[in-house]
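Now for the letters of each chain:
Protein chains: 2
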Amino acid sequence: MSAPPLRRWARGLAAVAGLGLLAGASAQARHDQLASWTDGPAKKAIVEFVKATTDKSSPDYVPPGERIATFDNDGTLWAEQPMYVQAMFALDRVKALAPQHPEWQTQEPFASILKGDLKAALAGGDKALLEIVMATHAGMTTDEFRQIVKDWIATAKNPATKRPVLEMVYQPMVELLAYLRAHGYKTFIVSGGGIEFMRPWAEKLYGVPPEQVVGSSIKTKFEMRDGKAVLVRLPELNFIDDKDGKPVGINQHIGHRPVAAFGNSDGDRQMLEYTTTSGGLRFGMLVLHDDKAREFAYGPATGLPDSHVGTFTQALYDEAKQRGWVVVSMKNDWKRVFPSGQ
Amino acid sequence: MSAPPLRRWARGLAAVAGLGLLAGASAQARHDQLASWTDGPAKKAIVEFVKATTDKSSPDYVPPGERIATFDNDGTLWAEQPMYVQAMFALDRVKALAPQHPEWQTQEPFASILKGDLKAALAGGDKALLEIVMATHAGMTTDEFRQIVKDWIATAKNPATKRPVLEMVYQPMVELLAYLRAHGYKTFIVSGGGIEFMRPWAEKLYGVPPEQVVGSSIKTKFEMRDGKAVLVRLPELNFIDDKDGKPVGINQHIGHRPVAAFGNSDGDRQMLEYTTTSGGLRFGMLVLHDDKAREFAYGPATGLPDSHVGTFTQALYDEAKQRGWVVVSMKNDWKRVFPSGQ
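Sequence order for the protein chains is A and B.
Just so you know, this note's numbering puts 55 at position 52 of the first sequence, and the rest follows in order with no gaps.
Just so you know, this note's numbering puts 73 at position 70 of the second sequence, and the rest follows in order with no gaps.
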């Protein structure tokens with residue numbers, strides 16, 4: 004991945020990660036790793052939880068091997084409005100592949116996408132969506148797909164803000180990932196997004212290596228091609244890592260229950276339940292998008308209609324309060340939202 | 004896991020693993036980590052490969068994050084004769100569960116198992132096998148299954164040798180796992196065996212944590228039971244991590260191609276092809292069971308008929324020679340086979 008935005012990010016993250024590697028860093032230095040958080044209740048809850056689970060004299064001490072923290076991606080680690088980044092990718096790929104598919108000029112949902120009418124394209128519901136995903140995510144080897152994603156994301160821009168999608172990562176959450184790792188936590192992404200869509204950039208962006216990314220997937224098939232073993236991506240769903248699927252994916256990939264889980268929508272409910280109902284001191288956190296000035300505002304506490312992307316219902320909000328999950332107000336708990344300083 | 008045999012193992016392994024953590028250990032000290040290997044061609048090939056991929060001045064240098072090594076389990080890390088350990092578990096579980104299933108007294112394949120006639124039980128082929136697996140591996144939560152496996156393995160004995168199965172691990176391979184980790188490799192198990200059957204003991208036995216175990220699986224379902232989130236194991240196959248499935252499982256769980264892969268049978272062929280045909284210096288190794296005196300003898304180079312458990316065909320042997328995979332002779336390359344010194 005050689006494009007300037009990603010390089011810039013990689014350098015910034017290396018600096019953040021480096022802090023955590025300072026042996027014998029004082030409690031104060033560790034505290035500063037969360038510099039983009041205001042000194043409010045959310046930061047206090049994080050620091051107290053990490054202290055309680057990593058101090059050997061604490062009754063809530065968790066051995067290093069069991070310090071598993073899982074993070075949703077869209078809306079939790081980076082912006083998901085006005086649409087998921089992977090949806091932007093799929094639409095761009097339809098346009099890029101159109102010359103090889105003259106039939107798409109008249110065939111839905113592709114014809115509407117090519118005319119720029121997204122609403123008409125999605126009128127076909129799940130079937131249309133699946134056709135778009137399979138036309139853009141299957142039919143190549145895993146190595147080829149990785150390169151396509153790397154090339155695309157290096158220059159992709161958010162259609163609402165016109166800023167690189169790689170710059171719309173949440174700086175406080177990047178700090179939180181590094182802070183947890185500095186305290187012996189293994190950090191995993193557990194997202195409804197495509198596992199192979201996230202892996203090409205998750206390590207440079209978040210410090211999360213490919214083997215610690217859990218996501219949705221399509222099936223693949225082993226083949227020998229010109230003497231080289233490859234995996235071909237098939238147009239067939241394998242696993243949907245959302246809602247009920249998140250604990251299933253966690254168990255399949257990680258094999259432990261997490262000790263801490265971070266999300267922002269109804270798709271994360273079961274992951275937080277699986278994490279926090281297992282006994283012992285556990286941590287659940289939901290990011291609430293209530294900062295229209297710096298990012299986007301949606302969800303029950305904003306007074307605005309709920310969003311189809313990143314749905315955060317009143318029922319989830321009520322459950323969070325009842326279970327003691329921390330609800331992060333982007334407006335009040337974050338000094339800055341993006342690394343650019345905004 | 005509190006039974007004495009496993010405790011003993013854990014202590015032994017901790018000692019081995021500790022060697023690898025000595026900062027600045029000399030090349031000689033590292034070499035001694037493979038003390039159970041004779042100074043033959045297999046050990047030489049391992050040491051040279053690790054040196055070439057971890058020495059920064061080497062043209063074959065591999066950065067730490069990409070140092071992925073995958074190991075088959077049955078027949079590669081521990082004994083698989085006269086039957087897979089997981090098959091012993093399934094048969095024992097049928098006997099343990101029989102009082103709750105009076106119908107099994109007359110219902111195949113259970114009736115034959117209860118009479119001790121394994122051959123008759125397996126006459127039903129794959130269908131019978133699947134019924135045995137589902138009757139013994141499904142219907143409980145993942146937490147309950149973990150405990151059942153832990154309790155069982157603590158006292159399980161190999162029916163041929165009457166020795167604890169936990170003592171029939173291959174000492175040279177345990178040393179190899181620790182040696183690779185000491186050189187910055189992440190070690191994964193990639194086995195046809197059940198992922199949730201292996202995880203409860205793989206960390207103590209091999210130093211491989213649950214999130215680095217890849218295996219076959221059945222489906223699970225999220226449920227709330229008495230206010231606690233659980234996953235229930237369903238009698239439905241999810242994934243077979245064998246043959247063509249091993250590269251698929253590696254890609255799904257690890258997301259990198261391995262740099263080194265270790266196996267012992269035709270079930271490992273595609274994993275080794277996927278590892279060694281990707282360009283760059285790569286390492287493939289197959290363990291040949293040619294030591295009747297200390298373990299078991301089967302496979303093409305032994306002059307004995309091939310085995311249905313851990314099949315190692317002449318075709319695989321020929322491919323190994325052609326591709327430059329190292330074939331380990333247990334008889335000649337290993338000073339001792341088991342930690343007991345045998």
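Hints are supplied without guarantee of correctness; some may be wrong.
Result set (DSS-like, lysine-lysine): computed pairs, CA atoms no more than 27 angstroms apart in a straight line [unchecked claim]:
(1) K338(B) <-> K165(B)
(2) K160(B) <-> K295(B)
(3) K160(B) <-> K324(A)
(4) K324(B) <-> K231(A)
If you want the footprint, here are the derived chain A segments under chain B, 3+ residues with CB under 8 angstroms [unchecked claim]:
(5) 75-87
(6) 133-142
(7) 195-209
(8) 225-239
(9) 317-328
Don't read these hints as lab results, they were simulated from the structure.
The beta-carbon is built from N, C-alpha and C at its ideal position, and this holds for glycine as well.
To see whether the hints hold, each was checked on the structure:
no.	hint	verdict
1	K338(B) <-> K165(B)	holds, 23 angstroms
2	K160(B) <-> K295(B)	holds, 19 angstroms
3	K160(B) <-> K324(A)	violated, 51 angstroms
4	K324(B) <-> K231(A)	holds, 17 angstroms
5	75-87	violated (count 0)
6	133-142	violated (count 0)
7	195-209	holds (count 4)
8	225-239	holds (count 6)
9	317-328	violated (count 0)
This entry does not satisfy hints 3, 5, 6 and 9, going by the numbered hints stated previously.
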